[in-house]
Amino acid sequence: MTDMDPTVLEVETAPEYVEANRWRRLGEMIVLYVLSIGGAVAISGLLVAITGNSWIQMFKALLDGAFLAPGRWGDTLVIAAPMLLVALGMVVGVKAGFFNIGQEGQLLMGALAMAWVGTKLAGPGPLLLVLGLAMAFAAGGGYAGLAAIMRFRRGVPEVISTLLLVFIALQIVGYAVTTDWLLRDLDATGPSRAISSAALGEDTRLPVIRIFGNEFNIGILIGVILALIVAFALTRTVWGFRIRLLGHNPNVAQKIGVSATRTGSLALFLSGGFAGLAGAVMLTGGSSGFRLTTGFSQNIGWQGLLVALLAASRPLVAMPMAVLFAALRTGSGFLAATGVDRKIVDVVQALLLLALLVPPAIQFIRDRKKARARAAREA
Amino acid sequence: MGGVFDAIVNIFGSGTMYESAVRLGAFLAFAALGELVAEKAGTINISVEGSLLAGAFTGTVAYHYTGSTGLALLAGIAGGLVISWIQANMSHRLTADQFVVGLTANVLVAGIAGYFNGILDPVAKRAAFVQIPVLSSIPLIGPALFGQTWPTYLLYPLIPLTWWLLFRTRWGLEVRSVGENPQAADVSGIDVNKRRRQSIYYGGILAGLGGAFLVVGQVGSFDTGAVGGRGFIAIAAVYFGGWTLTGTLLGSLVFGFADAFRLALPVLGYSVNAQFLAAFPYVLTLLVMVAITKQMRQPAALSQPFIRGLR
Numbered sequence: 001m002t003d004m005d006p007t008v009l010e011v012e013t014a015p016e017y018v019e020a021n022r023w024r025r026l027g028e029m030i031v032l033y034v035l036s037i038g039g040a041v042a043i044s045g046l047l048v049a050i051t052g053n054s055w056i057q058m059f060k061a062l063l064d065g066a067f068l069a070p071g072r073w074g075d076t077l078v079i080a081a082p083m084l085l086v087a088l089g090m091v092v093g094v095k096a097g098f099f100n101i102g103q104e105g106q107l108l109m110g111a112l113a114m115a116w117v118g119t120k121l122a123g124p125g126p127l128l129l130v131l132g133l134a135m136a137f138a139a140g141g142g143y144a145g146l147a148a149i150m151r152f153r154r155g156v157p158e159v160i161s162t163l164l165l166v167f168i169a170l171q172i173v174g175y176a177v178t179t180d181w182l183l184r185d186l187d188a189t190g191p192s193r194a195i196s197s198a199a200l201g202e203d204t205r206l207p208v209i210r211i212f213g214n215e216f217n218i219g220i221l222i223g224v225i226l227a228l229i230v231a232f233a234l235t236r237t238v239w240g241f242r243i244r245l246l247g248h249n250p251n252v253a254q255k256i257g258v259s260a261t262r263t264g265s266l267a268l269f270l271s272g273g274f275a276g277l278a279g280a281v282m283l284t285g286g287s288s289g290f291r292l293t294t295g296f297s298q299n300i301g302w303q304g305l306l307v308a309l310l311a312a313s314r315p316l317v318a319m320p321m322a323v324l325f326a327a328l329r330t331g332s333g334f335l336a337a338t339g340v341d342r343k344i345v346d347v348v349q350a351l352l353l354l355a356l357l358v359p360p361a362i363q364f365i366r367d368r369k370k371a372r373a374r375a376a377r378e379a
Numbered sequence: 380m381g382g383v384f385d386a387i388v389n390i391f392g393s394g395t396m397y398e399s400a401v402r403l404g405a406f407l408a409f410a411a412l413g414e415l416v417a418e419k420a421g422t423i424n425i426s427v428e429g430s431l432l433a434g435a436f437t438g439t440v441a442y443h444y445t446g447s448t449g450l451a452l453l454a455g456i457a458g459g460l461v462i463s464w465i466q467a468n469m470s471h472r473l474t475a476d477q478f479v480v481g482l483t484a485n486v487l488v489a490g491i492a493g494y495f496n497g498i499l500d501p502v503a504k505r506a507a508f509v510q511i512p513v514l515s516s517i518p519l520i521g522p523a524l525f526g527q528t529w530p531t532y533l534l535y536p537l538i539p540l541t542w543w544l545l546f547r548t549r550w551g552l553e554v555r556s557v558g559e560n561p562q563a564a565d566v567s568g569i570d571v572n573k574r575r576r577q578s579i580y581y582g583g584i585l586a587g588l589g590g591a592f593l594v595v596g597q598v599g600s601f602d603t604g605a606v607g608g609r610g611f612i613a614i615a616a617v618y619f620g621g622w623t624l625t626g627t628l629l630g631s632l633v634f635g636f637a638d639a640f641r642l643a644l645p646v647l648g649y650s651v652n653a654q655f656l657a658a659f660p661y662v663l664t665l666l667v668m669v670a671i672t673k674q675m676r677q678p679a680a681l682s683q684p685f686i687r688g689l690r
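Protein sequences appear in the order of chains A and B.
Take the first sequence: its letter number 253 is residue 253 in this note's numbering, and every next letter is one higher.
Quick note: to get this note's numbering, add 379 to the position in the second sequence (first position is 1).
Any given hint could turn out to be false.
Stated by the list, open to error - If you want a taste of the chain A side facing chain B, the calculated C-beta under 8 Å gives, among others:
1) S161
2) I168
3) A361
By construction, these hints were calculated from the structure, which means they are not laboratory data.
Don't be surprised by glycine CBs; every beta carbon is placed ideally from N, CA and C.
In isolation and in its complexed conformation, chain A is listed as follows (with noise of 0.2 Å):
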């Protein structure tokens, strides 16, 4: 590498040389993304046909349920918003390099913050609410924040503390939601009143738009304002840029001054914050009926951190991603008619993503055989 000829660097960085191989690159690309994507639909597609189901019927089930019926878009925005939030979590902690994979864990200790300032409290509702959206972010962040110490204090990974943080949340929100003296509703005549908490007041939760017949809160509002300030705050300025080197080669970072164990914690802080305010958006978006329960959760934690790969942890990707993951899981609903496993959709997720997955290696891969077998014919 060392010996390499200067000029084949310029001949590689001609102007005539960059455009041409542009547009070539740019349809290659397009071209892998069909082919791969295409497969992931097929191979969704034979899994159902194998099982002697319709997946014409299947396809058709699943875009009703999620836009077409009346009534379901607004459905599918009130899911995509906590997903969303999760993911900008996830895009902001992996550009710092920092794989935190404990969203749901989170997510439940943001609502559960949540559902103390709102059950717990007594103030003026818009104020109850504001500050238990507040709260759920640091509630959030607080319990990311135990796996960041345990990262820069004593080298534990953050891929398998944050993990095992999720059961020990799991567990947590049970004992509390059972427990008189913490968060169980104590009006007796309250249904499944043993493992739940009280629903929260009319005037603590997220304010309803109505529109062309569909419902849905403002939760998806405040995702895709967050999701705009993070990708802003990512590309263009100073802080965003310490997160983005961080990642990308911290052995830079650590010579320039940027602190890995800060700004680490900072970035893992931050991913954390954003899954709880998701939780938060859940509860009083009305999911579980406005009430905290034991099996509140119910994967969006583990969807929203699909979404981020899905989107490459770019935080405008994001939104029609977790569209599109929101748009699975209530377009599954309709899936019952057609005698179809809703649990199809599991693996349409997985196989989209690992679709999503190949185009960028291939393209990659191959650009460096060009590379090498280009700078093999100059020498």
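Mind docking chain B on chain A? Use the hints.
Leaving out everything else, chain B in the frame of chain A:
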């Protein structure tokens, strides 16, 4: 607090505790042995969770249709191998991030197993208990180590085999070198990513076997939540052992004991908070990792991808 102390004394005096600890620990040990090899080569293979579940599911299906425990174990191996093939080739041939691939693989297995479990509804049975003569009559540890279902005994030859592969063969030396210094290994003519892929296949085979063991050697039935994050506890066991073979086995046994302890408390009539009991193995795992990780020297290139010419 006195009650808890009494409970500990009583439980550790009872033979059933050791038996269930070994049974639960053996399941972890299958996965942890394979994970050890993968980590020695430089991959934190989080798809071990997926391999376990895949092995458990394919094993159950094979048992359902053939009624043979041996075929169930073989099918488990095949299931685990398929997942590790995806993990290995996506992360060490196509250069996708190993955690992203691992997580995706886990989701894929959960989806496929859930979907087909609902359709096929396979049923399995636990294999027969086999008492090994003489050895099984040693008090306390005898029945625990030598009075288990026969698939448990598959673990015992795997221990020296893994040791021999890692520390007494050229392949093992190369595997360890690509986990320590892939650049140097590359320069001396070792195909770094090939060795890493092979180490992941080995992990997949063992995890698949472990998954099938869970069904036909331990529980006797399949459930989509059967593995429930214990693949990650197996990874923790490797950390616990400081990337040594004996340490990894010890870690599996310790976490097996934690699980057995949790199950034994209510049986012996001690009332302990249900949520605390359920969280106990995970809390213990975290505490152990906090206490121990820093003292251990991990493979220097652990979780770092190798792409020739890039650092």
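Results for each hint:
1. A least Cβ separation of about 6 Å between A/S161 and chain B falls short of the 8 Å threshold, and the interface hint therefore holds.
2. Residue-level restraint check for A/I168 holds (minimum Cβ-Cβ distance to chain B is 5 Å; threshold 8 Å).
3. Because the closest C-beta pair between A/A361 and chain B is about 4 Å apart, less than 8 Å, the hint holds.
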